[in-house]
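Colleague: Next come the chains, spelled out residue by residue.
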Amino acid sequence: MNVDFTSKLHPERSLLKCPTGIAGFDEITLGGLPQGRPSLICGGPGCGKTLFGIEFLARGATEFGEPGVCISFEETAEDLAQNAISLGFDLKQLEEAKLLVVDYVHIDKSEIAETGEYDLEGLFIRVGSAIDSVGAKRVVLDTPEALFGGLNDTGVLRSELRRLFRWLKEKGVTAIITGERGEGTLTRHGIEEYVSDCVVLLDHRLQNGIVTRRLRVLKYRGSMHGTNEYPFLIGEKGISVLPVTSLGLRHKISDERISTGVPGLDEMLEGQGFYRGSSILMTGTAGTGKTSLAAHVVDAACARGEACLYFSFEESPDQLCRNMRSIGLDIARWVDQGLLTIHATRPSSLGLEMHLVEMHGLLEKHKPQVVVIDPLSSLLTGAENENDVTNMLLRVIDRLKQLGITGFFTALTGGGGVLEGTELNVSSLVDTWLLLRNLESDGERNRVLYVLKSRGMAHSNQLREFLMTKKGVELRDAYLGPAGVLTGSARLAQEAREREEDTRQKREAEDRRLAMNRKLCAAEAQILTLEAEKEAAERELNAAAIESEERQNAVIAQRAEMAHSRKVNLKPKGSQPKASEAGV
Amino acid sequence: MIAQKDGNSIPEYDLRLYVAGQTPRSVQAFANLTKICEEYLAGRYRIQIIDLLEHPQLAKGDQILAIPTLVRTLPEPMRKIIGDLSNKDRVLVGLDVRSV
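Chains U and P, in that order, are what the protein sequence lines are. Residues in the first sequence are numbered consecutively from 1, following my numbering. Residues in the second sequence are numbered consecutively from 1001, following my numbering.
Treat the hints with caution; some may be incorrect.
What the hints assert, rightly or not - Simulated coverage check for chain P against chain U, where a stretch passes if three residues somewhere in it have a Cβ under 8 Å from a Cβ of chain U:
1) 1013–1025
2) 1052–1059
3) 1063–1075
4) 1078–1087
Hints were generated in silico from the structure; no laboratory data involved. By construction, the Cβ of each residue, glycine as well, lies at the ideal position given by its N, Cα and C atoms.
With the hints as extra help, turn the sequences into a complete structure.
Modeller: Structure (structure tokens):
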């Protein structure tokens, strides 16, 4: 978890913290319990106080090299050891390794008579010698208030307990004091007055037959801390305070894009798909294809070789595989290859927190890169109020983001409800929101998909028709007609009409082209004829010219011949009239 | 460590007084105890004084919390009386001693 454990500004001045090693708790308290001071852990019977203390000691001894002392006022050392073993801590072994001392302080009123003044120096000596024997840094006093049941003089007890806590502080050990919750007070006898540095409240509540454990840091002097109620769990590995909600939005983000597995959808998201590590919400009414789309996302991820974790709250793994085969998606092979883990549970089988813990556990185990929760909305059935679910989802989303896992969630929206809202109010938490809806027209229902939002990309604003074919999900352009979006058979009819129109236009164009061609040909033929005529005319013209010249020459020659025959000297023309005059 | 106040090898009343150092309260308790024993159990008792400051590990065995604590190990069953033993009647009741 990327939480700053110490203040960067004044590390030397900030309160030193003692990490408990308890999963999640150190994050909430930004480092653990106040070091060298006593802390109070209180809660009702069976809330896990003792275990908290035991885990604090066991983890201190094994993980942080700090030996510890447990002074138990209620359970014998044997009982404690036995209880701890079921949670994975071997106290006996730690005792043998000189890392732990368990001292059972027993007080039985029937054996004790009180007369005159006394103090609890004996207890101090016991605690002191236990601390010294292993050099303990951590001390747990498991319900010292049990002393009030054994001793009558509460005045002395109070002052002695107060002295004990102060003494522990002087010794510099980090102490946990557990206390049973009383009526209207944190502890039965009000010892919280004396332990005021850090108070942690444990609680378990029954809701709808499901127990939820919660932890709250009521007070932490001199330190910031998470103030919410955090669900926690007692599991095989001890306490896990869950879920860890980071106190800030500091997760790393990725610029990498991953395909949705549906080319048409990728296209709507700038042609590249989702951002890796983003959270995608897909809402829709019943039967709109949410699961099918989720399966595509999974299929695409597995095909890239990424591990996927699929939380199915409605279908069993086999059913899911079979149903996806019907649209041509063989996700069973990914299961066989170990890439895909389908975790199917009934939402009502566990409390929300248990679901959450289970999710955390599985995330840890499988280290997936894509997680699908299908559907989120069914978690509502097991929950008392929606706020809890929203809270839980916030934590899930947060967790996924921290781990850089792409989360794909589906949610069912009621038929009559607002489509652009989720009952869970998670819509503002997610990065991409896809909406699937049914459009009713012409006696049929058709699915359409659109991208309601997608942070950080110029996504398409188009409604697309969502088709489930034998080869998987396909997105088709939806037609916008005068009466709205055309889908289904209306779209098919429109497509047919367009095709028809198209061919008609093509045919007409061809006809026109042919007609023009013909015209052109005719014109060219005419040109040829005219040119031939022109040529003929020219030839004739030439012939006429030659003929006339020849005739001229012939006339001249004739005249010359005639003159010769008449023996007339040919005179210049000018004298000819004279000669003719003379002749007249 | 052990201040024996006479008695047979197996006294009827075997008493241990746990103290932590020589505090006025411890001294007072010891004085009160001796007085009562001498008065009611003369010759039938033994008192051991255990100083937990010297032997802290002994506190665990007899489940000692309060100081001073008087433990009657014999006769059975074990009884404990805590405090400075200033109330004679209560000490006698606590030790289950009837006046002779």
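Colleague: Confirm or reject each hint.
Modeller: Each hint tested on the structure:
Counting residues of the region 1013–1025 of chain P whose beta carbon lies closer than 8 Å to any beta carbon of chain U gives 3, which reaches the threshold of three, so the coverage claim holds. Check result for the region 1052–1059 of chain P against chain U: holds, 5 residues qualifying (beta carbon to beta carbon below 8 Å, three or more required). For the region 1063–1075 of chain P, the proposed coverage by chain U is satisfied: 7 residues have a C-beta within less than 8 Å of a C-beta in that chain, meeting the threshold of three. Only when three residues or more bring their CB closer than 8 Å to a CB of chain U does the claim for the region 1078–1087 of chain P stand; here the count is 10, and the claim holds.
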